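Q: Line by line, the protein sequences give chains A and B. The first sequence finishes on residue 352 if you use my numbering, and the numbering steps up by one all the way, no holes. The second sequence finishes on residue 352 if you use my numbering, and the numbering steps up by one all the way, no holes.
No lab work stands behind these hints, which were simulated from the structure alone. Keep in mind that a hint or two might mislead.
The list cannot tell twin chains apart, which means a pair is met if one copy fits it or any two copies do.
Unchecked claim - Once the Cα atoms are required to be at most 27 Å apart in a straight line, the calculated DSSO-like pairs of lysine-lysine come out as: (1) Lys344 / Lys15; (2) Lys133 / Lys40; (3) Lys29 / Lys257; (4) Lys15 / Lys79.
This one's a predicted model, so the numbers in the text were calculated from it and none came from an experiment.
Residue-level listing of the chains:
2 protein chains.
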Amino acid sequence: MIEEQDYLAKQNLHKLSDIGEFGWIDFLKQNQGNLHDFVKEGIGDDAAVLTFPESSKVVWSSDMLVEGIHFDLSYTPLKYLGYKSIAVNVSDICAMYSTPIAVLVSIAVSNRFSIEALNELYQGINLACEEYKISLIGGDTTSSRAGLMISISIIGYNDTNDIVKRSGASVNDLVCVTGDLGAAYAGLQLLQREKKVFEENPTVQPDLSSFEYVVGRQLRPTAKLGLINILKEKGLIPSAMIDISDGLGSELHHLCKANNFGAKIFSDRLPIDFQTKSVAELFYTDVEQYAIYGGEDYELLFTVNPKYFEEIKSIEEISIIGYTVNEELGIVIETKEGDEIEIKNSGWDSFI
Amino acid sequence: MIEEQDYLAKQNLHKLSDIGEFGWIDFLKQNQGNLHDFVKEGIGDDAAVLTFPESSKVVWSSDMLVEGIHFDLSYTPLKYLGYKSIAVNVSDICAMYSTPIAVLVSIAVSNRFSIEALNELYQGINLACEEYKISLIGGDTTSSRAGLMISISIIGYNDTNDIVKRSGASVNDLVCVTGDLGAAYAGLQLLQREKKVFEENPTVQPDLSSFEYVVGRQLRPTAKLGLINILKEKGLIPSAMIDISDGLGSELHHLCKANNFGAKIFSDRLPIDFQTKSVAELFYTDVEQYAIYGGEDYELLFTVNPKYFEEIKSIEEISIIGYTVNEELGIVIETKEGDEIEIKNSGWDSFI
Chain A
1 MIEEQDYLAK QNLHKLSDIG EFGWIDFLKQ NQGNLHDFVK EGIGDDAAVL TFPESSKVVW
61 SSDMLVEGIH FDLSYTPLKY LGYKSIAVNV SDICAMYSTP IAVLVSIAVS NRFSIEALNE
121 LYQGINLACE EYKISLIGGD TTSSRAGLMI SISIIGYNDT NDIVKRSGAS VNDLVCVTGD
181 LGAAYAGLQL LQREKKVFEE NPTVQPDLSS FEYVVGRQLR PTAKLGLINI LKEKGLIPSA
241 MIDISDGLGS ELHHLCKANN FGAKIFSDRL PIDFQTKSVA ELFYTDVEQY AIYGGEDYEL
301 LFTVNPKYFE EIKSIEEISI IGYTVNEELG IVIETKEGDE IEIKNSGWDS FI
Chain B
1 MIEEQDYLAK QNLHKLSDIG EFGWIDFLKQ NQGNLHDFVK EGIGDDAAVL TFPESSKVVW
61 SSDMLVEGIH FDLSYTPLKY LGYKSIAVNV SDICAMYSTP IAVLVSIAVS NRFSIEALNE
121 LYQGINLACE EYKISLIGGD TTSSRAGLMI SISIIGYNDT NDIVKRSGAS VNDLVCVTGD
181 LGAAYAGLQL LQREKKVFEE NPTVQPDLSS FEYVVGRQLR PTAKLGLINI LKEKGLIPSA
241 MIDISDGLGS ELHHLCKANN FGAKIFSDRL PIDFQTKSVA ELFYTDVEQY AIYGGEDYEL
301 LFTVNPKYFE EIKSIEEISI IGYTVNEELG IVIETKEGDE IEIKNSGWDS FI
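Make the full structure from the sequences, and use the hints.
A: Right under this line is the structure:
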């Protein structure tokens, strides 16, 4: 402990215990930003207080990011991590076809983190809050024996009774995804390789400039709130939806299980960025494996009635990748050669 | 890792990865119990969905318990820990004069925890949910590199616009506490001593039977929801309220700061159980130190207009311990001998 304190002091950094609980809450309050109209009480009491428009449905979720499991601080800037921790939670609210309102941010942090480091983390958190127009209105800050853990709870609402669940789809619905797939996993492959190179020879400077997109997708994914708003404006309500956090394969299985059906996906319809392809080539891997089993893209996977085919097709950021089928036909992908391959129920799994 | 797996296998225990994410979510769903009327969707989607009575205020909070900081598994049964993790969150909703509805439970857990151990934890969680009539409707489960972390988010409501905040009190209001103080800290002292004895000589069996009450207060504190209901029935609305998690001293400072006033407390009015006194004697400590600076009692500290004096006095579980004063008079305790001593802004602090 004393060593850590000395280490921080030598660099003119401060630790949480220097400012104490009052000081930290004051810091958070100052960084609270504008409060959403629905928020009646923010940081500073035993609980936050909100009101919602009449007959709203309140949508509520939580997600945890653990150092060494979900992120590696040797290549993850804290500001990006803060941004990501909010984005992954907003993504869950998007997947309910709902609008996010506010978050509670709880962090457990070891003494090696200075206030200055936490400030970086909160800059990213605040940036994401501004971008998604949500308020940070509470949480909990505590010590940990090892590493950093960020646990966020998010609340959103839906005032038109158009909640979209994982269930609700029919056979022959279109299967769609937003954005492109596999990029976050490609970014992770690169970052992990660079880390290894650096560990072996710290004088080597990584050059990731040709791979900015995929690295950015890993370090700072965005939630697809803009696209939910486009769908809402067009009156396009998906029949079922889930966000892609653990990989298309795993999420397809969730969706199919909730609806008791199967799905047929076409390999040539999978949206894949050219950088993702380059990385897959670099690692001698089939890029479809990235697209199907790579996690953390935080795109949305949804089904929609085929009557919306033309309208969905006209939205650039959405790809129709297949359709739902009877359960006994399984969950399969048709290759360019016309072969059918089973999509396995696997993806990123934190139960290591 | 392999060693841990062998260790579990040898004892015929199972790890999370044996049943996978689907299996674990199914387990949680089966243990979900009855859903509160306000809950429209529980475990199993990207988010839970709730509706609230018209013009309700929604009260929302979160609290984190970290192994090695908030609990020590060498003397904390997992079932008790599960119960406590819910109770400390319910306590925050009580402190807002509100009614808890539902929780999201996120846990990060290292591979040394078997499913059987997690089952114990969830038995305690479910027991508390039943007792406080709340539903467990979601959360997140992930691995951790070290130890167990429980992060809970709780939602409650208040449909009569009687939210009680930390602010709102006037000078000369009565200062009241529920239950008794210092017992949880006394329990902690005993448990830590027994742990040390055991480490030095594992054949010694601890006999804590004369201290069941204080040990129970530490390991399995209860939230004061029943008392909130009594106050509501009698139409007694506190002017300000906070729950005592870090100790009376610390919470008094929070309350006084929020209201810009001071407080005068009388030492002979502090409610202290005789077991707490016995433990303080055993450790040659002034029991008032336990009552003022010992944390984790999860009693409620509140102020109330003096016109309610008789009614408050008639409630057995409430003690009137002093009154609020002008800010310049400070936060003081009057001893039995008539001396005034400053109450410091200290208590249990997780920023170690």
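Q: Reference check for the pair Lys29 and Lys257, CA-CA at most 27 Å: within, between, both, or neither?
A: Between copies only: 15 Å across chains, 43 Å inside a chain, cut-off 27 Å.
Q: Can you give me the call for Lys15 and Lys79, within, between, both or neither, at a CA distance of at most 27 Å?
A: within (18 Å within a copy, 34 Å between copies)
Q: Up to 27 Å between alpha-carbons, please classify Lys344 paired with Lys15: within, between, both or neither.
A: between (47 Å within a copy, 22 Å between copies)
Q: Taking 27 Å as the upper bound on the Cα-Cα distance, should Lys133 and Lys40 be classified as within, between, both, or neither?
A: Intra 16 Å, inter 26 Å, cutoff 27 Å: intra and inter.
Hint compliance for this structure: every hint is met.
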